[in-house]
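A.B. asks: Use the sequences and the hints to build the structure in full.
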Amino acid sequence: MSAVIHTAADLALAMLALAMLLCLVRLLRGPSMADRILALDTLYINSLAGLMVAGVRLEDPTFFDAAIVIGMLGFVGTVAFAKYLLRGDIIE
Amino acid sequence: MNSAALTSAASDGAVWVDWIIAVLLVGGAAFALIGSYGLAKLSDFYKRLHGPTKATTLGVGGVMLASCIFFMSAGRGGTEQILVALFLFITAPVSAHLLVKAVLTLNAADRPPPPSTPLRSDPEASTLGRDGSDQ
Chain A
1 MSAVIHTAAD LALAMLALAM LLCLVRLLRG PSMADRILAL DTLYINSLAG LMVAGVRLED
61 PTFFDAAIVI GMLGFVGTVA FAKYLLRGDI IE
Chain B
93 MNSAALTSAA SDGAVWVDWI IAVLLVGGAA FALIGSYGLA KLSDFYKRLH GPTKATTLGV
153 GGVMLASCIF FMSAGRGGTE QILVALFLFI TAPVSAHLLV KAVLTLNAAD RPPPPSTPLR
213 SDPEASTLGR DGSDQ
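Chains A and B, in that order, give the protein sequences. Going by the numbering used here, the residue at position 59 of the first sequence is 59; the numbering climbs one at a time, nothing skipped. Going by the numbering used here, the residue at position 75 of the second sequence is 167; the numbering climbs one at a time, nothing skipped.
Think of the hints as simulated: they come from the structure by calculation, not from any bench. Every residue gets a Cβ at the ideal spot worked out from N, C-alpha and C, and that includes glycine. Possibly wrong hints are sitting among the right ones.
[Claimed, not checked] If you want the footprint, here are the derived chain A segments under chain B, 3+ residues with CB under 8 Å:
#, stretch
1, 5-14
2, 27-39
3, 42-52
4, 61-69
5, 76-85
[Claimed, not checked] Keeping only pairs whose Cα atoms sit at most 30 Å apart, straight-line, the calculated DSSO-like set for lysine-lysine is:
#, chain 1, residue 1, chain 2, residue 2
6, B, Lys146, A, Lys83
7, B, Lys133, A, Lys83
8, A, Lys83, B, Lys193
C.D. replies: Here it is, written out as structure tokens:
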């Protein structure tokens, strides 16, 4: 791995960590329930991007399987939360 | 040219590929950061939804492209990342749509008024419509 990619991956990881902190701020402050759900949604997308950058940084393709799992479970979770908000129940 | 430079050039590939990967990594992370900053900063829920749903998807796309190029230039596959990003590109609008639908159903006062249909005998509305269609 060249030094350019090394530095860029470190910088990208730092920026994604800052983005996840901003999502956490909205998750804790969010006035309504929908704000918190949206913050969780953005949080899992950011963590997915962070896992992909970590896969490049450590040259390990195993991270992408974890990214796929996080993507699927995050989507199902967001849909379930939105359904709960809409109907007050998830499985009717 | 000495042998060390030759071997490093052969193992690392071309230098411009490294720069493309680095720019895509930092650019994708910057998009994700801007989207999350919009989520934390903006004032209204509908404005807040706008930032992450566009910028974060673009950020994941940039990071996916970078890791794809990286593993393909190393000759170690590079197709699983496309799967991750494809799945995210399909599901992110669906979840955003469900969220907005839930919020609009809960707060009926936030809904915009239905568009008023101009009467057929209203001369002003018909003139405006004809002018708009002619230009």
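A.B. asks: Can you confirm whether chain B covers the stretch 42-52 of chain A, using C-beta to C-beta distances below 8 Å and requiring at least three such residues?
C.D. replies: Satisfied; 6 residues make the cut.
A.B. asks: Are there at least three residues in the stretch 5-14 of chain A whose beta carbon sits under 8 Å from a beta carbon of chain B?
C.D. replies: With 7 residues close enough to chain B, the hint holds.
A.B. asks: Are the Cα positions of Lys146/B and Lys83/A separated by 30 Å at most?
C.D. replies: Given pair Lys146/B, Lys83/A holds - Cα atoms ~22 Å apart, limit 30 Å.
A.B. asks: Run the distance test for Lys83/A versus Lys193/B: straight-line Cα separation, threshold 30 Å.
C.D. replies: 10 Å, holds
A.B. asks: If you look at each residue in the stretch 27-39 of chain A, do at least three have a Cβ nearer than 8 Å to any Cβ of chain B?
C.D. replies: Per the Cβ count (6), the hint holds.
A.B. asks: Under the criterion that the straight-line Cα-Cα distance not exceed 30 Å, is the pair Lys133/B, Lys83/A satisfied?
C.D. replies: 26 Å, holds
A.B. asks: Are there three or more residues in the stretch 61-69 of chain A whose C-beta lies within less than 8 Å of some C-beta in chain B?
C.D. replies: Coverage by chain B holds for the stretch 61-69 of chain A (5 residues, Cβ < 8 Å).
A.B. asks: Are 3 or more residues of the stretch 76-85 of chain A near chain B, judged by a Cβ distance of less than 8 Å?
C.D. replies: holds (count 5)
The structure agrees with every numbered hint stated previously.
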